[in-house]
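**Q** Here the structure of chain A is known, so what remains is to put chain B in place on it, guided by the hints.
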Amino acid sequence: MDQRTLAYINLFAVLGTLPELCRISPEAQAYIRNQNVSVGFTVKGGPAGTLFFEHGSCRMEEGVDNCMVKIPVASCEKFNAIIDGKATPIPVKGFTKIGFLTGAFTKLTDLLTRYLRPSEDDLKDDRFFDTSTRLMFHLIVGAVAQIANEDPVGQVSASYIVDGKIRVAIAGGPAAYLQAKNHVLTPVYEDTDDYFSVMEFCDMRLARALFDGKVNAVTCVGTGQVRMGGMISQIDNVNRILDRVSMYLA
Amino acid sequence: MAHPILDHTKSREQFARAAKVIPSGVYGHLGPAEGCFIPVSAYPQFSDRAQGSYFWDIDGNRYIDYMCAYGPNILGYNDPDVDEAARKQREKGDCTTAPSTVMIDFAELLVDTVASADWAFFAKNGNDVTSIAVRTARAYTHRKKLIFFKGYYHGISPWCQKLDNAGVLEEEVWNNIYLDWNNEAQIEQTFAEHKGEIAAVIAQPYMHGNFADNTFPKPGFWQKVRKLCDDNGTVLIIDDVRAGFRMDIAGSDHYFGFEADLICFCKALANGYNVSALCGKDFLKNAVSGLSVTGSYWLSAVPFAAGIACIEKMKRLNCPQLLIDKGQKLADGLKEQSKKYGYDLHISGIPSLFYLRLADDPSLMLHQAWIAECQKRGIFFTSHHNHFVNASLTDEDIAETVEIAGEAFAALREQGR
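Residue numbers (our numbering), protein chains in the order written: chain A, 92 to 341; chain B, 6 to 422.
If we strip away everything but chain A, and leave its shape as in the complex, we get (with noise of 0.2 Å):
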């Protein structure tokens, strides 16, 4: 496993779920209620990018420049190690909002933690289901656009990725679509009417299944539960870089 690649995926595709919680989680848009702070990570030889909070929303962008809160990190590896819980992150800018740093925004990343490593018990609540599903989607769309675009091995399946967008949603749940662009993923978290290949999956239930590796995409094909649809090889070469997925997500 590529160090380089899960930072990227950790920052832009783990941390990178965190609008979307925001958005989605009303217990998360609490803890960001009545806050005005950004965030920044930069990490040496890695990537480089901001969460901005502001008044019960929050985006991402990249790089750095426009932080209040900026954390600079020493490598990959340790920037993973601190995503993994297993180091601590220390700001060399914004010390007044540091309160923001060990309160709100680590109540919000354990409250994303809950939902991208759910529980049996949490998953038997329907509302607490369909959120944690809808996070993992948005999770595994960025996940695939950072191994595409770092991961030597997913580079080499993106080298073979024609321009056009590729729309994944799954029925009456979330869509998205990653458009590509010179063998470049990029992820764009909204439904498009316009795209050069498909892959839906027919429901929630059948989503969680396959992020969860219950069942398997090649058996739902046959069975009409995944459906595809236009440039096969966007697909087939997503596909591959889905597999590589689990490997960083495990």
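Hints are supplied without guarantee of correctness; some may be wrong.
Here chain B is said to cover these stretches of chain A; the calculated rule only asks that three of the stretch's residues, wherever they fall, bring their Cβ under 8 Å from a Cβ of chain B [as the list claims (entries may be wrong)]: (1) 281–288; (2) 315–326.
A few chain B residues facing chain A, derived, Cβ under 10 Å [what the hints assert, rightly or not]: (3) Ala23; (4) Pro28; (5) Pro44; (6) Ser46; (7) Leu327.
Simulated from the structure, these hints should not be mistaken for laboratory data. Every residue gets a Cβ at the ideal spot worked out from N, C-alpha and C, and that includes glycine.
**A** Frame of chain A, contents of chain B only:
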């Protein structure tokens, strides 16, 4: 009268049954995922029986079959001459401790038939013989590197995959060089950069990859590659598993006016009986003899007898030209229908192995919809792969196909597409 829309209820039921005990339900190219059954509801998933150019699915629907089991059916399903030869050999013996001399008869026939062949070596699947060909080239040259052309398919073994294929190790593919088809300058540069390192160039006779129009070699391309191989002591391997005997009975290298050092056959070799053959030049005979390769069923006699009957019949029929003519007739009819309904149908590749694409929509979604409408009315086309023509295909079959293609175009128009 318009053709009825076919029902696949039993196929669906049996797929659900299969999925419980078989990974993917139906895996590989005959399955709904790799076979691009889009949408899956339009396609039959299991066959009941076959005859000539048709197969019947388990719901009782008859299909005019343009995939021919992805190539093996070249004379027609259950060809009486091939089946009779196989039956007679089966009565004598098939999988026995000592091989039958029918194996020698088959090798002699291939050497007499295939222009570049001095010997024949038998196995079971296309993947067996492409793998043996590469090992032969490496054994002979004592080199590691292989040149491939992007869009290729040479089987399922790790050596011929890309790095991102699940279960493939970096070490298994790091001697692979993937070049662009028809790019002579790139090939020349690669030989210059890897002087004395390239064991083999392996390629299909023309580019018949999936999801894209099939492409012939530029004039002089193969002669250039042949010369580069000669000048650099590199073995030239032609993978004729798919195109073999549908372009030229003497081999597809012969069709394009050059000679391969090794040439691989399978699919059409025995009209569905399970055998593959690697044919080669005399100078590689010792190298292949030195390999440790064998298989439990590789020397079974029944497929050899079937292969002899198949090749003899293909010769009598002048099969490649017959198939090209039938394919051209079909192509003309399909083009006419597409024009009538205002669609831009592109047909590429040699007519006996034609590839279809509706160019109105580059995403292929319109094309997939048209293919699905054909499927629903009893024509087995695919949306992603080249097709195969067989010798039992009649003018009436072609006329019915063209008629259904027109109904499918009309259905698209009704859908506002």
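**Q** With reference to the structure, classify each hint as holding or not holding.
**A** Going down the list of hints, with the structure as the test:
{"no.": "1", "hint": "281–288", "verdict": "holds (count 3)"}
{"no.": "2", "hint": "315–326", "verdict": "holds (count 8)"}
{"no.": "3", "hint": "Ala23", "verdict": "holds (8 Å)"}
{"no.": "4", "hint": "Pro28", "verdict": "holds (7 Å)"}
{"no.": "5", "hint": "Pro44", "verdict": "holds (7 Å)"}
{"no.": "6", "hint": "Ser46", "verdict": "holds (6 Å)"}
{"no.": "7", "hint": "Leu327", "verdict": "violated (32 Å)"}
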